[in-house]
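K.L.:
Chains as they are written, first to last, in the numbering used here: chain A, 1 to 395; chain B, 1001 to 1084.
Hints in this document: simulated from the structure, not taken from any laboratory.
Think of the CB as a built atom: it goes at the ideal place given N, C-alpha and C, for glycine as much as any other residue.
It is possible that part of the hints are untrue.
[Said to hold, decoys possible] Here are the simulated lysine-lysine pairs, BS3-like style, with alpha carbons at most 27 angstroms apart:
{"hint": "1", "chain 1": "A", "residue 1": "Lys164", "chain 2": "B", "residue 2": "Lys1083"}
{"hint": "2", "chain 1": "B", "residue 1": "Lys1042", "chain 2": "A", "residue 2": "Lys164"}
{"hint": "3", "chain 1": "A", "residue 1": "Lys64", "chain 2": "A", "residue 2": "Lys289"}
{"hint": "4", "chain 1": "A", "residue 1": "Lys64", "chain 2": "B", "residue 2": "Lys1017"}
{"hint": "5", "chain 1": "B", "residue 1": "Lys1080", "chain 2": "B", "residue 2": "Lys1042"}
{"hint": "6", "chain 1": "A", "residue 1": "Lys15", "chain 2": "A", "residue 2": "Lys342"}
{"hint": "7", "chain 1": "A", "residue 1": "Lys15", "chain 2": "B", "residue 2": "Lys1042"}
{"hint": "8", "chain 1": "B", "residue 1": "Lys1080", "chain 2": "B", "residue 2": "Lys1017"}
{"hint": "9", "chain 1": "B", "residue 1": "Lys1042", "chain 2": "A", "residue 2": "Lys6"}
{"hint": "10", "chain 1": "B", "residue 1": "Lys1042", "chain 2": "B", "residue 2": "Lys1017"}
{"hint": "11", "chain 1": "B", "residue 1": "Lys1042", "chain 2": "A", "residue 2": "Lys220"}
[As the list claims (entries may be wrong)] So the derived label-pair ranges between C-beta atoms look like this:
{"hint": "12", "chain 1": "A", "residue 1": "Ser86", "chain 2": "B", "residue 2": "Val1024", "range": "55 to 63 angstroms"}
{"hint": "13", "chain 1": "B", "residue 1": "Val1024", "chain 2": "A", "residue 2": "Val32", "range": "44 to 52 angstroms"}
{"hint": "14", "chain 1": "A", "residue 1": "Ala11", "chain 2": "B", "residue 2": "Asn1034", "range": "17 to 25 angstroms"}
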Amino acid sequence: MSLLDKLDAVAAARKALLPEGLDVFGMPIEEVYSATEARVGDRRILFLGTNNYLGLTFAPECLKAAHEAIDREGTGTTGSRMANGSYSGHRALEREFADFYQCHSGIVFTTGYQANLAMISGLAGAGDVVLIDGDSHASIYDGCRLSGAEIIRFRHNDVADMEKRLRRLGERSQSTLIVAEGIYSMLGDQAPLAEIVRVKNAYNSILLLDEAHSLGVLGKTGQGLVEETGLIDGVDFITGTFSKSLGSIGGYCVSNHPQLDQLRYISRPYIFTASPSPATIASTRAALKLLRDGTELRRQLWQNSRQLYARLDALGYQLGPQPGPVIANILDSPQQALMLWKGLLDHGIYVNLILPPAAPEGKALVRCSVSAAHTSEQMDYVGNVFAELRASIFQ
Amino acid sequence: MATDYSDILSRLCFHLKQFSSPDVVIAPETDLINELAIDSVKLLNLVMEIEDEFDISVPLNALADVQTVHDLANLIHHIKSAKQ
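Input sequences plus hints: build the corresponding full structure.
P.N.:
Encoded structure:
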């Protein structure tokens, strides 16, 4: 099969599965009205799939900071920090992340994806082992591949299974990087961090926790699962993203290990890419302040999440194991998921459609992401539409 | 416990039965992807079962050269032998 034939096969598979005339995986958004509403075609839609958990994309403080940064420093840095230097805003944001987590130091990356790529490939290499949860995000799998280390999976959130695999590694467990996530993006469930830390300490391994979906969501000040569980000292490296609760784009890592700084000189995803734009850094700095002080935002987010989770659960939808800002509806077939996704869109609700092989265990998902900016009335409306669609989906 | 190639092959075929329809005959030359329709996700889950069955670590990187049942049995045999 030629290189282009492979792409034709992808097109044929998409055509066989997806409806004509509807760009399911690239919906054209014509106008964005707010953190929660936009226009698709001639229809006003409710965003219920974006990861705008705290609803900060239109926060006046963030908009103002971004505008001022563009005026002051231009639209882009046009190069990597190693070659072209580090702007004051980038350095300040790294200090602010370290201060937020009360850690020794922090590094900022251009995307959250690159944060995991950079950290995993910088920490582990040939001869080392990376032990990852089976439901890990693609950035974790790709970071492992880039590292050249041996990749071993354990069953999702199963610490006994993780320990069994560490035991098999013998002394190599000491050169093993364990990777887990605060909240898993597919089913919205949290990692059993206390058990993971206990086992990691027993085997002298290193633990990296990705707080991409839990930053701003869990913990009194929004640090994530490390704060919710009081286990920050048990985690060696914390990564995360700006593109969810912080409403921009970028990634970070913080750690108490002074060696973190050396990754700036060996980690290819950090070195060989342009640093984030000044506007991105400025809006993220403003958003981080709002996140730290965002007790009321978190209260509203969790109220909305619990309201929608309880309603869908009562309606008999199969959901992820625990309430949270990611509410995954698990469907038995791609056709069923597509029908639900299309039905929601026809009622002005835009959610995520996740089909195999991206969905766990060969299922298909219709994934809702709740925001603090949603209203209780909007959650009621979403619940009513799910109720209306139920009979036709499960007939 | 015996760990010769034929024993590994037999135990592997037993596991592969779970991933294929009952009428499919599994032989050493059977192609995992094209004949047993084991996609990338199923293969990852199969690896965890193999690790538990044979009490070994099978790095995902090692799967790059695995296409047939024989290739997989050979890989298990190689890892098992290196461990002993």
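K.L.:
For each hint, tell me whether it holds in the structure or not.
P.N.:
Okay, the hints, checked on the actual structure:
| no. | hint | verdict |
| --- | --- | --- |
| 1 | A:Lys164 with B:Lys1083 | holds, 16 angstroms |
| 2 | B:Lys1042 with A:Lys164 | holds, 21 angstroms |
| 3 | A:Lys64 with A:Lys289 | holds, 14 angstroms |
| 4 | A:Lys64 with B:Lys1017 | violated, 61 angstroms |
| 5 | B:Lys1080 with B:Lys1042 | holds, 22 angstroms |
| 6 | A:Lys15 with A:Lys342 | holds, 16 angstroms |
| 7 | A:Lys15 with B:Lys1042 | holds, 24 angstroms |
| 8 | B:Lys1080 with B:Lys1017 | holds, 22 angstroms |
| 9 | B:Lys1042 with A:Lys6 | holds, 21 angstroms |
| 10 | B:Lys1042 with B:Lys1017 | holds, 13 angstroms |
| 11 | B:Lys1042 with A:Lys220 | violated, 40 angstroms |
| 12 | A:Ser86 with B:Val1024: 55 to 63 angstroms | holds, 59 angstroms |
| 13 | B:Val1024 with A:Val32: 44 to 52 angstroms | holds, 51 angstroms |
| 14 | A:Ala11 with B:Asn1034: 17 to 25 angstroms | holds, 20 angstroms |
When the structure is compared with the earlier hints, violations turn up for hints 4, 11 and for no others.
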